[in-house]
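Chain order of the listed sequences is A and B.
Just so we're aligned, residue 1 is where the first sequence starts under the working numbering, counting upward by one.
Just so we're aligned, residue 115 is where the second sequence starts under the working numbering, counting upward by one.
Since the hints were made in silico from the structure, they are not lab data.
It is possible that part of the hints are untrue.
Claimed, not checked - Derived PhoX-like pairs: lysine-lysine, alpha-carbon spacing no greater than 25 angstroms straight-line:
1) B/Lys185 - B/Lys226
2) B/Lys214 - A/Lys62
3) B/Lys185 - B/Lys214
4) A/Lys11 - A/Lys78
5) B/Lys182 - B/Lys226
6) B/Lys222 - A/Lys78
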Amino acid sequence: NAGVIQTPRHKVTGKGQEATLWCEPISGHSAVFWYRQTIVQGLEFLTYFRNQAPIDDSGMPKERFSAQMPNQSHSTLKIQSTQPQDSAVYLCASSLVNSGNTLYFGEGSRLIVV
Amino acid sequence: QQQVRQSPQSLTVWEGETAILNCSYEDSTFDYFPWYRLFPGESPALLIAIRPVSNKKEDGRFTIFFNKREKKLSLHITDSQPGDSATYFCAASDGGSNAKLTFGKGTKLSVKS
């Protein structure tokens, strides 16, 4: 049974360019989360979908970050006009919906903005 | 405003000692507190979790102690092993339909032999 799949695993992009990260949640999981991991901030919540609908995007930097879930089998996180401070590991996780259910994380997409 | 705080930022213990990792939170509506463990090069994975109906949860060498009044909890790792070296994240979520987890910044544990 495959876990959460994230692509690409590594991405280097120039300042000002766009980066798109993909996530395939575990089949049957109806909640999908995006987190950003840095040494300084730890695991920062970005956004959350339930049954493909956006529920909470309170962690998303408003101007350059966007996320979508066009179908139950994948979600994308897009960063426009990337900046060096966007460099981080972006983690996608999926779970069953109810509070207290385990989050299963993918291996992450390491983004480096030069 | 950091909703979930962890201390210390890093901790080194000798093999066989007990490691104590601390966590505190702000939001009284939080009712589920998992700890996730992150090994280098891997993804975070659930280690152990507690709900406020209990003040203690034990799983092998790992024990959570929970103090609802003070909004504090701690993870105790007894008989620490070098294989326990990892970053440990305390997290919290509230009840209802919001399953979002708010994580602390993590404690990096090193166990020396």
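Cross-check of the supplied hints:
The straight-line distance between the Cα atoms of B/Lys185 and B/Lys226 is roughly 31 angstroms, outside the 25 angstroms bound, and the hint therefore fails. Our distance criterion of 25 angstroms between C-alpha atoms is met by B/Lys214 and A/Lys62, whose separation comes to about 19 angstroms. Our distance criterion of 25 angstroms between C-alpha atoms is met by B/Lys185 and B/Lys214, whose separation comes to about 19 angstroms. Note on A/Lys11 and A/Lys78: the hinted pairing holds, with a Cα-Cα distance of about 13 angstroms set against a maximum of 25 angstroms.
A distance of roughly 33 angstroms separates the Cα atoms of B/Lys182 and B/Lys226; the hinted pair therefore is violated under the 25 angstroms criterion. The straight-line distance between the Cα atoms of B/Lys222 and A/Lys78 is roughly 30 angstroms, outside the 25 angstroms bound, and the hint therefore fails.
The structure does not agree with the numbered hints 1, 5, 6 stated previously, though it agrees with the rest.
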